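Colleague: Sequence:
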Amino acid sequence: MPSAGLIPRRVKQLAALLTLFAAFTAQLVGALLAQVPVFVTAAAAGLALDLYLRPRQPRLLSMLSRVRFDVTVRQLLRDMIILLGLLRVEGVHPLREQAPLTVALLLVYALHFLCQAIAVLVRRTRTLPVVTRNIDASALRLCAAPPRLLARRPGHRLLTFSVPATTGLLVTAATGDVRAGAVGTGLSVLLMAAGTFHLATWLLPGKRPASQEQTLEWLDSWLAEYRPTVAMYFSGGTSSAYQANMWLSTLSALDGKPLIVLRERFMVQKIQATDVPILCIPRVAHMFALESSTLKMMLHPANSGKTSQVLRIPSIKHAFTNHGESDKLSSCNPYAKAYDEVWVAGPAARERYRQAEIGVDDKDVVEVGRPQLAPIQPWKGAPEGPCTTVLYAPTWEGWDGNPGNTSVVLAGENIVRALLEDEGVRLLYKPHPMTGSVDPEAGAADRRIRAMITEAAARRSGPRPGLEAVAEVARRKAELDRLTSSDFRPGADELERMMLQSTPEEGRAALVAEAQEAWEEAYWASFPAWEHQIVVTPRLGIYSCFNQADLLISDVSSVVSDYLHSEKPYAVANTSGLTEEDFRATFPTVRAAAVLTPDASGVPELLESVRHPEKDLYKAARAELKAHLLGPSDPPSLVRFNAAAVALCAEADERRALMTAHLTQGIPIQRGPGSPAGRQEAQTGTDGSREPATA
Numbered sequence: 079m080p081s082a083g084l085i086p087r088r089v090k091q092l093a094a095l096l097t098l099f100a101a102f103t104a105q106l107v108g109a110l111l112a113q114v115p116v117f118v119t120a121a122a123a124g125l126a127l128d129l130y131l132r133p134r135q136p137r138l139l140s141m142l143s144r145v146r147f148d149v150t151v152r153q154l155l156r157d158m159i160i161l162l163g164l165l166r167v168e169g170v171h172p173l174r175e176q177a178p179l180t181v182a183l184l185l186v187y188a189l190h191f192l193c194q195a196i197a198v199l200v201r202r203t204r205t206l207p208v209v210t211r212n213i214d215a216s217a218l219r220l221c222a223a224p225p226r227l228l229a230r231r232p233g234h235r236l237l238t239f240s241v242p243a244t245t246g247l248l249v250t251a252a253t254g255d256v257r258a259g260a261v262g263t264g265l266s267v268l269l270m271a272a273g274t275f276h277l278a279t280w281l282l283p284g285k286r287p288a289s290q291e292q293t294l295e296w297l298d299s300w301l302a303e304y305r306p307t308v309a310m311y312f313s314g315g316t317s318s319a320y321q322a323n324m325w326l327s328t329l330s331a332l333d334g335k336p337l338i339v340l341r342e343r344f345m346v347q348k349i350q351a352t353d354v355p356i357l358c359i360p361r362v363a364h365m366f367a368l369e370s371s372t373l374k375m376m377l378h379p380a381n382s383g384k385t386s387q388v389l390r391i392p393s394i395k396h397a398f399t400n401h402g403e404s405d406k407l408s409s410c411n412p413y414a415k416a417y418d419e420v421w422v423a424g425p426a427a428r429e430r431y432r433q434a435e436i437g438v439d440d441k442d443v444v445e446v447g448r449p450q451l452a453p454i455q456p457w458k459g460a461p462e463g464p465c466t467t468v469l470y471a472p473t474w475e476g477w478d479g480n481p482g483n484t485s486v487v488l489a490g491e492n493i494v495r496a497l498l499e500d501e502g503v504r505l506l507y508k509p510h511p512m513t514g515s516v517d518p519e520a521g522a523a524d525r526r527i528r529a530m531i532t533e534a535a536a537r538r539s540g541p542r543p544g545l546e547a548v549a550e551v552a553r554r555k556a557e558l559d560r561l562t563s564s565d566f567r568p569g570a571d572e573l574e575r576m577m578l579q580s581t582p583e584e585g586r587a588a589l590v591a592e593a594q595e596a597w598e599e600a601y602w603a604s605f606p607a608w609e610h611q612i613v614v615t616p617r618l619g620i621y622s623c624f625n626q627a628d629l630l631i632s633d634v635s636s637v638v639s640d641y642l643h644s645e646k647p648y649a650v651a652n653t654s655g656l657t658e659e660d661f662r663a664t665f666p667t668v669r670a671a672a673v674l675t676p677d678a679s680g681v682p683e684l685l686e687s688v689r690h691p692e693k694d695l696y697k698a699a700r701a702e703l704k705a706h707l708l709g710p711s712d713p714p715s716l717v718r719f720n721a722a723a724v725a726l727c728a729e730a731d732e733r734r735a736l737m738t739a740h741l742t743q744g745i746p747i748q749r750g751p752g753s754p755a756g757r758q759e760a761q762t763g764t765d766g767s768r769e770p771a772t773a
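The numbering of the sequence shown is the working numbering, which starts it at 79 and goes up by one.
Bear in mind the hints are in silico, worked out from the structure with no lab data behind them.
Computed from a predicted structure; not experimentally measured.
Yeah, the Cβ is synthetic: ideal placement off N, Cα and C, and Gly gets one too.
Treat the hints with care, as some may be off.
To be verified - No farther apart than 25 Å at their CA atoms in a straight line, the calculated lysine-lysine pairs in the DSS-like style are these: (1) 458 x 415; (2) 693 x 441; (3) 458 x 693; (4) 415 x 441; (5) 458 x 90; (6) 384 x 335; (7) 441 x 458; (8) 555 x 348.
Unchecked claim - Simulated restraints on C-beta separations: (9) 198 x 283: 17 to 25 Å; (10) 97 x 680: 55 to 63 Å; (11) 682 x 317: 33 to 41 Å.
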């Protein structure tokens, strides 16, 4: 059932659509029957409605475009009907007076299409084969983008510049005075001509950026100057950027020169604030510029269809880090055998790959811990204060339709209801950002859960932080925005953003980290300790919620593994259909958890064990499981991660040396099972072809 807020919007859209068609119908009928007041009024109403809908109902206008009734067609039809109506107006001679008006109107449309052709050329010249961020690309002759109305909004341009012509013709139809039509069409011609000429200046050498060949030459020279050693490679959809963002701090802390390599142009702005240079290379043909660079290895936080393209570069070693570890089958994807190494947190993941038998050799699995978990605070015992803070962070439904993937559908409402019934609970609900993207039932359940929490929050009352707390959040947010956000004007395109996002200021990363921590502290302090929260603020990460929580309730997912770093109590919802015994045996992350059934009947006992640690049956098990899942605490995870990167870079150097010797001196390559060449042969095949295995 559609939500209450959705129905009025659809009613408004339907009413606007019917009004628009009624205006065209009345305009045509009035022109055919020589009812001048009718067709003039209808035409004016249709034009006014189009101007009104342009900023307020973009979805409706997009729908009309899909059925080939876009703004250009509507405006052309409107003007043609007006010309038809002028034939029935007394005092307007068809040849002596109307013909010049028709010619002027046709000139308006001719200039519009000329402007559009120039806009296409401008956009092509301003679409470079690479997109950069945190890189000085001034050598590419970057400049500000042309006005969006001229370059990227042809329908809006025609509608805006045609207003004088249409208005003048309507005045002529109403009064019989041809001068009004002449002035209106003349003004539209001047506007179109001026806009076309202004746009054409972006094709002149002074505003024309580097060509494709010049850009690729610049890329080679920049790589030679920067000399990158370790890169993170990422490709994905609009909602998957979090998979890469979680590795930014780790990447920037590694020895050597880090680099971020992306494949989708939109992803450049999805990556959070970082000082690491970002290089987006959309076409696979241009990826091989990396082969001749100093780049030694790549980290891969996710698999994608475009991953196989970069695996073809033999001079680069590849390590799969994943974007989280859980007991789900997706954490043991057969695609992993395409990489040189698979980096996991601890022994549990090594065992998982060994038992999965998907072709990943045990010697290629490297335990590196989870370096990004450092901000998670350890368990401090029983909750302090009047409320027990419970974080319910379910995962999404996944691609396979397994009912055990997420608890939102079968157990979510019961869990939330049981928590809200306890007056001593403060609930933080943080759903996965992709909830409902595959299964509409999951999206509907998520909306019902949010409504339950909102209603329960409205029933609570008590002392709240003062206005100074709210002001502090605003101040901290402004400071964080200043450091992390780029102030783009609405018409900015890729080149203009590249120009504005050049080399970052020295020390910005440390300032961003401090500002983020200060904002998070102010954010939580601005809410009373008893108030339920629905946490969907993109800037507020899951680890910050971990630090607020006394208890986590989640599903079988990487959230559980990460939360274990704190050794705080946690529970996992069992919606798989398995018995509790089989559930614990199947999923190792559940071994130290309380297990909740779909009816959430165990919530009161769970809360009791959190408030009274002496009743906590899993305290020792959590410490043991933490080491099993995340590896030892000493040496620190970042140290182990960096050592693994150094070792893999050394293998890349060894292989390059062997290949160079083979090509220049004819020295045969040793192909022992543990040598880099032997590992390379295992991935390429005996015929030397570079075709990595794919899922």
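Colleague: Confirm or reject each hint.
Modeller: Consistency of the hints with the structure:
1. Taking the CA atoms of residue 458 and residue 415, the gap is about 41 Å. The hint is violated against a cut of 25 Å.
2. As the CA atoms of residue 693 and residue 441 are separated by approximately 42 Å, the hinted pair breaks the 25 Å bound.
3. Taking the CA atoms of residue 458 and residue 693, the gap is near 16 Å; set against the 25 Å cutoff, the hint holds.
4. Taking the CA atoms of residue 415 and residue 441, the gap is near 12 Å; set against the 25 Å cutoff, the hint holds.
5. The hinted pair formed by residue 458 and residue 90 fails the criterion: a straight-line CA distance of about 54 Å is larger than 25 Å.
6. Only pairs whose Cα atoms come within 25 Å are accepted, and residue 384 paired with residue 335 is accepted, the gap being roughly 24 Å.
7. As the CA atoms of residue 441 and residue 458 are separated by approximately 38 Å, the hinted pair breaks the 25 Å bound.
8. For a cut-off of 25 Å, the pair hint linking residue 555 to residue 348 stands: about 19 Å separates their Cα positions.
9. Look at residue 198 against residue 283: about 19 Å separates their beta carbons, and that is inside 17 to 25 Å.
10. Separation of residue 97 from residue 680 is about 56 Å and conforms to the stated range, judged on CB atoms against 55 to 63 Å.
11. Between residue 682 and residue 317 the CB atoms are about 36 Å apart, so this pair conforms to the stated range of 33 to 41 Å.
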